[in-house]
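Required output: the full structure, derived from the provided sequences and hints.
Heads up, the sequence shown is in the UniProt record's numbering, so the first residue is 1 and it goes up one at a time.
Don't take each hint at face value.
Straight-line C-alpha distance at most 20 Å; calculated SDA-like pairs for lysine to any residue [unchecked claim]:
| no. | residue 1 | residue 2 |
| --- | --- | --- |
| 1 | K29 | M372 |
| 2 | K57 | K79 |
| 3 | K554 | E598 |
What follows is a list of derived Cβ distance ranges for each label pair [stated by the list, open to error]:
| no. | residue 1 | residue 2 | range |
| --- | --- | --- | --- |
| 4 | S756 | P942 | 53 to 61 Å |
| 5 | D763 | S484 | 43 to 51 Å |
| 6 | P942 | E1058 | 54 to 62 Å |
| 7 | P403 | R1046 | 17 to 25 Å |
Worth flagging that the hints you see were computed from the coordinates, not collected in a lab.
Even for Gly, the Cβ is constructed at its ideal location relative to N, Cα and C.
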Amino acid sequence: MGSYRLEYAKLGTSKCKGPKPCTGTKIPKGDLRFGTVVEFQGKTSFAWRHWGCVTQKQFNNMKQDFETAEELDGYEDLKEEDQERVAKAFEAGQVADEDIPDSARKAEADEEEEEDLKEKQGGSTKKPKKKAVPKKKKGDDDEEEKPKKKAPVKKTKAKAKKDASDSEEQEAEETDEDEKPKKKAKRARKDSDDDEAPEPRKPSSRNAGKPKKSFKEEDNSEGSEDEKPKKKAKKSKATVDSDDDDESYGALSAGAQPQSPADTIDKLCDRLLNGSQLEDRRAALLGLKGLSRDWKTEVGSRALPILLGVLQEDAPEDVEIAKAVVETLSLLCEVEEVEGRPVRDDSGIRNTDVFLATATPLHTLLTLLTPMHFYLRFFSLQLLGILLANRSTVVQGHVLTAPGGVGRLVETLDDSREIIRNESLLLIIALTTANADIQKLLAFEGAFDKLFAIVRQEGGVGGGGIVVQDCLAAIGGLLRWNVSNQNYFRETSCIPLLAPLLLFPQPSALNSQTLSAFAFQSWSEQKVINAGLVISLVRMLVGGAGTGRAGNQKALLTSGLTRCLAELALASNAPAVLKSQSLNALADILRNSPPNQEALTSLILTPLIPPLAPSSVETYHAAGDETAELDERGAPRHPSELRGEGPGGERGERGDLIAPSENKWKRGKKMPAVVATTALAVNGDGTPGREGLRVRAAAAGLFESYVASSSETQLGILSTMSAPQPENLPTDELPTEPTQSAGSILLHAMRVFPTSTRTEPFDSYTPFFGCLLFSHLLLHSESSKAAARKIYFSGDDTQPGGLGDEDDRVSLVAILVGNLMMAQREQAQSANAGLGPERGLEWSRVMVGYLIVLSIWLWESPLTVKEFLSEGSNLQVLIQPITQSSGVDSAVQGLCAFLLGICYEYCREPGPITRETLHPILQSRVGPDQFVSRILRLREDPRFRSVGPGVLEMNEDEDALEDLGEEDGLWFDFAFVEFLKTNYISVQRAILLDPSSTNPGRRSVDASASPEIVNALRSTVANQSEELDDLKSQIFNMQKEREEERASHQDQVASLTEELATLKKELTDAQEQKAEADKEQEDLLVLLEDVSSKRKGDKARMRSQGMEVSEDEEEDEDDEEQGEGLV
1 MGSYRLEYAK LGTSKCKGPK PCTGTKIPKG DLRFGTVVEF QGKTSFAWRH WGCVTQKQFN
61 NMKQDFETAE ELDGYEDLKE EDQERVAKAF EAGQVADEDI PDSARKAEAD EEEEEDLKEK
121 QGGSTKKPKK KAVPKKKKGD DDEEEKPKKK APVKKTKAKA KKDASDSEEQ EAEETDEDEK
181 PKKKAKRARK DSDDDEAPEP RKPSSRNAGK PKKSFKEEDN SEGSEDEKPK KKAKKSKATV
241 DSDDDDESYG ALSAGAQPQS PADTIDKLCD RLLNGSQLED RRAALLGLKG LSRDWKTEVG
301 SRALPILLGV LQEDAPEDVE IAKAVVETLS LLCEVEEVEG RPVRDDSGIR NTDVFLATAT
361 PLHTLLTLLT PMHFYLRFFS LQLLGILLAN RSTVVQGHVL TAPGGVGRLV ETLDDSREII
421 RNESLLLIIA LTTANADIQK LLAFEGAFDK LFAIVRQEGG VGGGGIVVQD CLAAIGGLLR
481 WNVSNQNYFR ETSCIPLLAP LLLFPQPSAL NSQTLSAFAF QSWSEQKVIN AGLVISLVRM
541 LVGGAGTGRA GNQKALLTSG LTRCLAELAL ASNAPAVLKS QSLNALADIL RNSPPNQEAL
601 TSLILTPLIP PLAPSSVETY HAAGDETAEL DERGAPRHPS ELRGEGPGGE RGERGDLIAP
661 SENKWKRGKK MPAVVATTAL AVNGDGTPGR EGLRVRAAAA GLFESYVASS SETQLGILST
721 MSAPQPENLP TDELPTEPTQ SAGSILLHAM RVFPTSTRTE PFDSYTPFFG CLLFSHLLLH
781 SESSKAAARK IYFSGDDTQP GGLGDEDDRV SLVAILVGNL MMAQREQAQS ANAGLGPERG
841 LEWSRVMVGY LIVLSIWLWE SPLTVKEFLS EGSNLQVLIQ PITQSSGVDS AVQGLCAFLL
901 GICYEYCREP GPITRETLHP ILQSRVGPDQ FVSRILRLRE DPRFRSVGPG VLEMNEDEDA
961 LEDLGEEDGL WFDFAFVEFL KTNYISVQRA ILLDPSSTNP GRRSVDASAS PEIVNALRST
1021 VANQSEELDD LKSQIFNMQK EREEERASHQ DQVASLTEEL ATLKKELTDA QEQKAEADKE
1081 QEDLLVLLED VSSKRKGDKA RMRSQGMEVS EDEEEDEDDE EQGEGLV
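As structure tokens, then:
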């Protein structure tokens, strides 16, 4: 499709690329020629030959792609007699003898004589030595030799340059025409089925820095008229025949004296406007197109209005003129990026503004998408893309007012020529940006169905390439921030199409084998990108709020996508980037969705054990697809087992190296999905670096969504922490390894203090994530805090609920405070040992985790505060970092101050330490000023200030990472940041109040409030004012956009109203004219009857007087009477 073309030679300048010695002979104008797509240095073109030079091998190649000759491009444009001989030759597999040109016949005789001569000389076929010839360029694989060129002749300045299409034709001369053309698979680039395959849009710096060429550059050659791509090809190094020079644009001037570009443009415009011959006007249009490349400003200022008139009046009637004018307008509107010159000063922007001054030219351009002519449709799409890139808002407004314009764009997605379809995809992606109305129109025109159909045709997410990526990006553009389209997407049953795109089996086909095939699939780079786009569609559907989001969450659960994402993230060999995306999407699906939360609770899956050696990013199998053979457990068999060999470094049947078993993904033990999520967040999956941290943070986000707003779930996990060992069993019958649960994983992470050596660092994120996840179980839930206080340990037991004496019990609060104290000591020792700032930051992160969970636990919980203050040394653990002037992380100091203020605020239960005891300690040891400054410094810390709702997705930009420097990583989650921002003011107030004050939650700041608190409040007001200004600015911009849209709609309504009034007036005039015509007809009939009566009377008088009356007149009279009788 698009690899071959039939047409009549138009100018007689192209040379035959057929077998020797016909190679190089010119194909006369009007002769039937046959073109084959060739590729050279990344460009595509047609290589032509006489119809009689088509070989049997080429017929065989054509028959593999086409069933009949009618399917060949250009066949329908041939004359009937030529269609018959092409059809006969296609069926016979060779051209008829009478179609072979004389040059080829003569060459065959010479070859026969040469072969006979060789046989007479003894059968030697050794060719005589030839002179050394230049080495062929890369990509030239023609078996025939290139004919010798004439000696170079001296060229005038006006003829010094060759047209781009002729250069490509010369460079492609040595391409083998007998081989089947190769199909390209690049983005928006496919072999065309017209003159040559054009190139998709490229950056506008096409001619940046290049000197301008002579305005008499050739543009009327055959390649310039029909085969020239949008971009100019590199000039050929081959010399140009003088005959070819005569065909250049200079020939248009008929030997006239050199003239200025302005004079030439004016003459061409005059010929275009007033030319009587169609060919003359076409030639003038092609001349303007050639000048547009190097004299764009001059052509735009003088010829653009005329070109727009040609587009509106002539283009819909003549395909050749339409193609030429669209190409010319594309050249005039394209913006060239020149260093040091603003884009707004480019003539392409000015030409675009002239083009879009009214909507009519764009509406006409959209109508040109309807014809199936390849070049016309392709260049129309390119021109639309150029206009959209220059003035997107104006183009979008004109498209909305175009009758059927959006429907025509959607129809181009059905084009069987991939280069057209791919260009349409890119245009739709750009067109849907920030325009909800166009998004809706595209969706209602069936864009979703067509895009999913293309994805299926291209092989889906796994088999498809960049085209699938564009389709998914286009679907995302239709769904992004458009609730109407999201509901339409759900109502048209598009959500069930998402899980199969990720190769997940249908719910009715779920079994161990299909799940294993899903878990052990291979992942290429493009497949990862495509799968990530599918997951992004899921997040768009559940990113909003209200009934629409709840409906989408339910539909995702019903379609099996919730299970699919859980399996992909927790029980597959998917790359880390895909796992983190799946976990983030799952978090959005589970948020405030009890049905999805229950589904995750009941889900049992089998996580995979990653290989010891890191797997390649390109593939996760060393010897191809291992899912073809599965064992009785549903796990893939080792390739060595399939061949009866032992594991190791053997080679498979295809010669692929089989990696040892330790470098393979293995199936682990079955466990609940909640347990797998908790383990992944706390312990990770072994993925190193930032990718591994992103997976753990995403798992933490999923855990947060799972337990949020569900006290039953929170208490359920806490119950797995505090459940004691069964006391009715003998000691020797107690299980050696307790059953792993989400609670036990969190408890172990907080209970066991991390250890490290001088050379081997520790994982600071294990206790950090353990504390972070545990804090979500306690946040805003006093029942959860009470349940957590029941967790205790006996002696040195690592598991809660030991069997020892109650006097030896240690609460979890005490363990957390003890670990905090040891972390402070370890940090000081590492600093003294000179282990570097990185080790100190690791210990700071551990302390931040402990302080976060203690702050949330003690907030509004006097009983927990009483337990915390039961040991007097616990206060020293908080006071020492606050008062220390150096060597302590500012985040740790601020959190210690915040936690100390919470202890004072909620110390309401009687105990060893009371509010009266705490107050003098805070005033003397810390002081109000230092206390407030520590908290304010924490709020200004980049690690705290940069935290947003998506912090656990870890999608920080490079600037934010540079600001953090060595402190890069995860330090806080958004829930705790919001908690602190909401409550730190009340904590600051508390320290200033008398211990005997009551109702602490409703106190107001008195006149003796410290300047720090006042400054803090002023800072808060200032920040809120800035946010308010930003919101007002956004509202203003939105209102401005709405006003523009309203004005556009009003213009459209006014135009339609005016058109309706005109039509009504025309209808009234037509009715009046009809009434007048009817009345006139009645008068004429009456007159005719009077005349007839008078005539009869006259004849009667004539007869009575004896005058003769002719018989003819009587017959006519009888006929009239009969006619009247019939009437």
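So, going through the hints one by one against the coordinates:
1. The suggested pairing of K29 with M372 is violated, with an alpha-carbon distance near 26 Å, which exceeds 20 Å.
2. The suggested pairing of K57 with K79 is violated, with an alpha-carbon distance near 25 Å, which exceeds 20 Å.
3. With a C-alpha separation of about 12 Å, the suggested pairing of K554 with E598 holds against the 20 Å cut-off.
4. Our hint of 53 to 61 Å for S756 and P942 is violated, since their Cβ atoms are close to 26 Å apart.
5. Between D763 and S484 the Cβ separation comes to about 47 Å, which falls inside the hinted range of 43 to 51 Å.
6. For the hinted restraint 54 to 62 Å between P942 and E1058, the CB-CB distance of approximately 60 Å keeps it satisfied.
7. Checked against the given bound of 17 to 25 Å, the beta carbons of P403 and R1046, roughly 21 Å apart, stay inside it.
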